[in-house]
Amino acid sequence: MINYHPTDKQLQQFAEGNISPALALVVSAHCDVCSQCQEKVDDINIELSSVIENVRAHDFKDPAFEKMLASIMHLPVIDTKPVVAPRIELDGRFFDVPRPLQRFVKNTGNWSHLLGKVWQAPVDLGDAGEANFIYMEKGGRVPEHTHKGTELTLVVDGEFSDGLADYDSGDFIIMDNEHIHSPHSNAVEGCLVFSIVDKPLHFTSGIARLLNPFSHLFFK
Amino acid sequence: MLVGISLENKLQNTGKPKDCADEMSQALLEVASQRCKRSYAKIFGYFAPRLRSYALKQMGNEALAMEMVQDTMANVWQKAHLFNAEKGSPSTWIFTIARNIRFDMLRKLKNRKEDICSDDLWPVLCEQTPDQNEVSLEEQVTLEQVGLLFNSLPDKQRAVIEAIYIDGKSQQEVADELAIPLGTVKSRTRLALQRLKDMLEDHD
Numbered sequence: 000m001i002n003y004h005p006t007d008k009q010l011q012q013f014a015e016g017n018i019s020p021a022l023a024l025v026v027s028a029h030c031d032v033c034s035q036c037q038e039k040v041d042d043i044n045i046e047l048s049s050v051i052e053n054v055r056a057h058d059f060k061d062p063a064f065e066k067m068l069a070s071i072m073h074l075p076v077i078d079t080k081p082v083v084a085p086r087i088e089l090d091g092r093f094f095d096v097p098r099p100l101q102r103f104v105k106n107t108g109n110w111s112h113l114l115g116k117v118w119q120a121p122v123d124l125g126d127a128g129e130a131n132f133i134y135m136e137k138g139g140r141v142p143e144h145t146h147k148g149t150e151l152t153l154v155v156d157g158e159f160s161d162g163l164a165d166y167d168s169g170d171f172i173i174m175d176n177e178h179i180h181s182p183h184s185n186a187v188e189g190c191l192v193f194s195i196v197d198k199p200l201h202f203t204s205g206i207a208r209l210l211n212p213f214s215h216l217f218f219k
Numbered sequence: 000m001l002v003g004i005s006l007e008n009k010l011q012n013t014g015k016p017k018d019c020a021d022e023m024s025q026a027l028l029e030v031a032s033q034r035c036k037r038s039y040a041k042i043f044g045y046f047a048p049r050l051r052s053y054a055l056k057q058m059g060n061e062a063l064a065m066e067m068v069q070d071t072m073a074n075v076w077q078k079a080h081l082f083n084a085e086k087g088s089p090s091t092w093i094f095t096i097a098r099n100i101r102f103d104m105l106r107k108l109k110n111r112k113e114d115i116c117s118d119d120l121w122p123v124l125c126e127q128t129p130d131q132n133e134v135s136l137e138e139q140v141t142l143e144q145v146g147l148l149f150n151s152l153p154d155k156q157r158a159v160i161e162a163i164y165i166d167g168k169s170q171q172e173v174a175d176e177l178a179i180p181l182g183t184v185k186s187r188t189r190l191a192l193q194r195l196k197d198m199l200e201d202h203d
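Line order of the protein sequences matches chains A and B. 0 is the number of the first residue of the first sequence in numbering that gives the first Met the number 0; add one for each residue after it. 0 is the number of the first residue of the second sequence in numbering that gives the first Met the number 0; add one for each residue after it.
For the record, the hints were derived by calculation from the structure and aren't laboratory data. Ideal Cβ positions, reconstructed from N, Cα and C, are used throughout, including at glycine. Wrong hints could be hidden among the right ones.
[To be verified] Now the stretches of chain A that chain B is said to cover, found in silico as 3 or more residues with beta-carbon under 8 Å:
#	segment
1	16-25
2	72-79
3	117-130
4	167-179
[Claimed, not checked] With a straight-line Cα cutoff of 20 Å, these simulated SDA-like cross-link-like pairs (lysine to any residue) come out:
#	chain 1	residue 1	chain 2	residue 2
5	B	K109	A	I77
6	A	K116	A	T149
7	A	K60	B	S52
8	A	K198	A	D175
9	B	K109	A	A21
10	B	K107	A	D123
11	A	K60	B	K168
12	A	K39	A	E15
13	A	K105	B	C116
14	A	K39	B	K86
15	B	K86	A	D42
16	B	K56	A	K39
17	A	K105	B	P122
18	B	K56	A	F59
19	A	K8	A	G125
20	B	K36	A	A127
21	B	K36	A	K116
22	B	K168	A	H180
23	B	K168	B	A178
24	A	K116	B	E161
25	B	K109	A	G125
26	A	K66	B	G44
[Claimed, not checked] Here are the in silico distance ranges between beta carbons for each label pair:
#	chain 1	residue 1	chain 2	residue 2	range
27	A	K198	B	R194	22 to 30 Å
28	A	V50	B	S32	28 to 36 Å
29	B	G59	A	K66	20 to 28 Å
Make a model of the complete structure from these sequences and hints.
Here it is in structure tokens:
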């Protein structure tokens with residue numbers, strides 16, 4: 000069950016289109032699997048669109064409109080076909096991903112072993128930066144860390160805990176330098192998450208601090 | 000010139016919103032099923048001047064505003080079959096198309112070559128044709144390469160690193176298990192990390 004959602008303010012900014020592309024992507028992916036938030040966004044869209052009804056219309060006699068209308072009606076219909084949804088594969092297991100993430104499946108690199116029972120596959124988001132699919136096998140754990148920037152996570156499939164809370168498929172998690180956590184999964188099926196960090200993680204537990212010189216390689 | 004199509008703008012200030020929504024829904028259906036130019040002209044006459052005012056406020060630039068109207072209304076003509084009256088009113092549908100167009104225009108203005116585009120975020124015109132622009136993955140230091148570096152560590156150092164970082168054991172636990180002094184575990188860890196760092200720098 001989904002327990003962690005974007006704030007109402009984040010949903011509002013998302014519907015307005017006034018939000019960073021990376022945050023918009025994770026919010027959008029969450030809404031794709033969370034009917035509760037999707038309904039909120041639908042309601043905000045209706046509210047926002049009333050601006051079109053209430054705005055004082057520009058003078059229609061502007062000749063530019065007639066030209067525009069004629070040129071548009073020369074355009075062909077665009078036939079759209081449903082696309083077979085691409086899925087993420089790991090060791091013969093296939094994972095469905097929310098629709099907004101599907102376009103990025105082809106931008107996803109190979110899985111590599113991160114630490115222990117944790118695997119990672121980088122996702123190229125173009126100039127919006129890089130994301131990662133991270134898979135924790137049962138018993139897999141990322142050492143305790145905080146964040147120099149912001150860490151956005153969407154649980155794609157499975158369950159994990161991080162010492163702060165327990166998360167399930169569809170949960171939306173945003174962490175920054177005020178949060179210290181150590182994600183680990185005890186689920187039999189493990190846990191696949193989609194994660195975007197804008198700055199390297201900072202490992203906080205005694206030993207893992209030694210990882211900090213390398214954290215830009217591991218998690219950013 | 001348009002043949003037999005008069006530009007209609009009579010709806011602009013008349014009719015209740017519900018009646019207007021029904022009329023526009025009907026017009027969209029006729030565009031979708033028959034490419035009815037008269038119906039499209041009606042939709043255009045109602046929405047284009049409104050979008051123009053809205054876009055000018057949003058973009059603050061006459062040319063950009065007209066580009067946004069053009070792109071939005073072109074989508075309405077070309078993808079009218081994707082409008083679903085059960086999911087919402089024509090004005091909400093057209094507004095969300097305009098929002099997507101604005102998002103992509105701002106993205107392009109920032110001169111971003113490949114980025115998250117509105118189709119990913121708000122699938123208002125869903126069932127999009129697949130993107131043909133395959134993007135090649137840039138060359139980067141992968142963790143697999145880091146893994147190879149780990150493998151090239153001397154066995155004793157690697158055993159310590161794996162126990163600590165892979166199995167998550169404490170240095171004391173490793174010392175107990177391997178029956179070696181804690182100081183040795185610490186020095187092996189330090190040497191291994193230094194070695195990894197050197198190898199990474201050589202790698203670059």
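The hints, checked one at a time:
Closer than 8 Å: that is the beta-carbon criterion, and the segment 16-25 of chain A has 5 residues meeting it against chain B, so the requirement of 3 holds. Beta-carbon proximity to chain B at under 8 Å applies to 6 residues in the segment 72-79 of chain A; the threshold of 3 is reached and the given coverage holds. Counting residues of the segment 117-130 of chain A whose beta carbon lies closer than 8 Å to any beta carbon of chain B gives 7, which meets the minimum of three for the stated coverage. Residue count for the segment 167-179 of chain A with a Cβ under 8 Å from a Cβ of chain B: 0. That is fewer than the three needed, and the coverage hint is violated.
Between B:K109 and A:I77, the direct Cα distance comes to roughly 28 Å. Violation of the 20 Å bound is thereby established for this hinted pair. Restraint check for A:K116 and A:T149: not satisfied, since their Cα atoms lie roughly 24 Å apart, outside the 20 Å limit. Proposed proximity of A:K60 and B:S52 is supported: the alpha carbons are some 14 Å apart, at most 20 Å. Between A:K198 and A:D175 the alpha-carbon distance is near 10 Å, which keeps this suggested pair within the 20 Å criterion.
For a cut-off of 20 Å, the pair hint linking B:K109 to A:A21 stands: about 15 Å separates their Cα positions. A distance of roughly 18 Å separates the Cα atoms of B:K107 and A:D123; the hinted pair therefore holds under the 20 Å criterion. Distance restraint check for A:K60 and B:K168: the Cα-Cα separation of roughly 76 Å exceeds the 20 Å cut-off, and the hinted pair is therefore not satisfied. Between the alpha carbons of A:K39 and A:E15 the distance comes to roughly 13 Å, so the proposed pair stays at or under 20 Å and holds.
For the hint linking A:K105 to B:C116, the alpha-carbon distance of about 15 Å falls within 20 Å, and the restraint holds. For the proposed pair A:K39 and B:K86, the alpha carbon gap of about 14 Å is at most 20 Å, so the pair holds. Between the alpha carbons of B:K86 and A:D42 the distance comes to roughly 11 Å, so the proposed pair stays at or under 20 Å and holds. A hinted pair counts as satisfied when its Cα atoms are at most 20 Å apart, and B:K56 with A:K39 does not qualify at roughly 25 Å.
Distance restraint check for A:K105 and B:P122: the Cα-Cα separation of roughly 19 Å lies within the 20 Å cut-off, and the hinted pair is therefore satisfied. Taking the CA atoms of B:K56 and A:F59, the gap is about 17 Å. The hint holds against a cut of 20 Å. Taking the CA atoms of A:K8 and A:G125, the gap is about 26 Å. The hint is violated against a cut of 20 Å. Taking the CA atoms of B:K36 and A:A127, the gap is about 40 Å. The hint is violated against a cut of 20 Å.
Proximity of B:K36 to A:K116 is assessed by CA-CA distance (about 61 Å); at most 20 Å being required, the pair is judged violated. Distance restraint check for B:K168 and A:H180: the Cα-Cα separation of roughly 17 Å lies within the 20 Å cut-off, and the hinted pair is therefore satisfied. Using a Cα cut-off of 20 Å, the hinted pair B:K168 and B:A178 holds, with the two alpha carbons roughly 14 Å apart. Between A:K116 and B:E161, the direct Cα distance comes to roughly 12 Å. Compliance with the 20 Å bound is thereby established for this hinted pair.
The suggested pairing of B:K109 with A:G125 holds, with an alpha-carbon distance near 13 Å, which does not exceed 20 Å. A hinted pair counts as satisfied when its Cα atoms are at most 20 Å apart, and A:K66 with B:G44 qualifies at roughly 13 Å. Range check, A:K198 to B:R194: about 27 Å between beta-carbon atoms, so the 22 to 30 Å window is met. For A:V50 and B:S32, the hinted distance range of 28 to 36 Å is satisfied, since their beta carbons lie about 30 Å from each other.
One distance hint, 20 to 28 Å for the beta-carbon pair B:G59 and A:K66, holds here, with the actual separation near 23 Å.
Violation of the numbered hints given earlier is confined to hints 4, 5, 6, 11, 16, 19, 20, 21; the remaining hints are satisfied by the structure.
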